[in-house]
Amino acid sequence: MDPQVDRLVNKIWGTFQSIPNNARLMVAVSGIPGSGKTELASTMANRINKLYTAENPDSPPIATVVPMDGYHFTRAQLAQMPDPVYAVARRGAAFTFDGEKFLTLVRALREPLTAETPSLAALLMDELWFVEVDFDTARKRLVRRHVRAGIAKDEAEADKRVTENDFVNGREIIEERMDVQEIITSNYDPGWDR
Numbered sequence: 242m243d244p245q246v247d248r249l250v251n252k253i254w255g256t257f258q259s260i261p262n263n264a265r266l267m268v269a270v271s272g273i274p275g276s277g278k279t280e281l282a283s284t285m286a287n288r289i290n291k292l293y294t295a296e297n298p299d300s301p302p303i304a305t306v307v308p309m310d311g312y313h314f315t316r317a318q319l320a321q322m323p324d325p326v327y328a329v330a331r332r333g334a335a336f337t338f339d340g341e342k343f344l345t346l347v348r349a350l351r352e353p354l355t356a357e358t359p360s361l362a363a364l365l366m367d368e369l370w371f372v373e374v375d376f377d378t379a380r381k382r383l384v385r386r387h388v389r390a391g392i393a394k395d396e397a398e399a400d401k402r403v404t405e406n407d408f409v410n411g412r413e414i415i416e417e418r419m420d421v422q423e424i425i426t427s428n429y430d431p432g433w434d435r
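Numbering-wise, this note's numbering comes out as the position in the sequence shown, counting from 1, plus 241.
Keep in mind the hints are simulated off the structure, nothing from the lab.
The C-beta atom is built at its ideal place from N, Cα and C for all residues, glycine as well.
There could be a bad hint or two in this list.
[What the hints assert, rightly or not] Pair by pair, the computed Cβ-Cβ distance ranges are:
id, residue 1, residue 2, range
1, Gln245, Asp367, 33 to 43 Å
2, Ala295, Glu417, 32 to 42 Å
3, Glu416, Met366, 15 to 25 Å
4, Ile303, Gln245, 32 to 42 Å
5, Lys401, Asn251, 37 to 47 Å
[As the list claims (entries may be wrong)] Computed cross-link-like contacts, DSS-like style, restricted to lysine-lysine with a CA-CA straight-line distance of at most 27 Å:
id, residue 1, residue 2
6, Lys291, Lys252
7, Lys381, Lys401
8, Lys381, Lys394
Work the whole structure out from these sequences, hints included.
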């Protein structure tokens with residue numbers, strides 16, 4: 242993804258240079274589970290912060306990643322749903338996120354920067370990006386992630402979760418995808434293995 246990342250860093254850096262000082266530039270990155278969204282967003286933020294601090298050495302970083310992971314409904318909230326077993330099994334699907342809470346954050350971040358604004362530097366975004374990945378690469382990443390995170394006890398259990406949950410969610414994401422400004426192709430890169 243490096244040539245794509247280089248191009249996108251330059252694009253966002255150029256756009257950032259042209260916005261008012263009290264504004265934020267917000268980019269939404271989407272993709273199926275295991276596509277590399279978090280890695281792309283983190284890499285972009287780090288590279289943009291390096292550019293910024295090179296020009297402003299005494300300033301704090303300006304780019305940050307705001308993941309949606311903190312906006313999953315809790316297990317207790319999922320247990321209150323009409324089919325709690327299904328809700329827990331499908332964690333990560335759109336209906337298992339607290340969309341209102343996340344939208345409140347995005348609206349707050351869209352407000353102009355003021356002295357009182359917290360330092361957290363889809364329709365409120367300036368750019369919509371989609372990370373495309375083949376399902377085999379995503380499967381390998383997700384199986385490894387689920388085992389390492391303790392979500393699954395072994396690769397067989399992790400693979401079952403990928404098939405029954407992550408890829409069901411992934412197909413829904415692809416079917417419901419909005420028009421985007423950028424499509425980033427995520428290929429296998431051993432440096433991104435986590």
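Practice task
List, from low to high, the hint numbers that the structure doesn't satisfy.
Solution key: Result: hints 1, 4 break, sorted rising.
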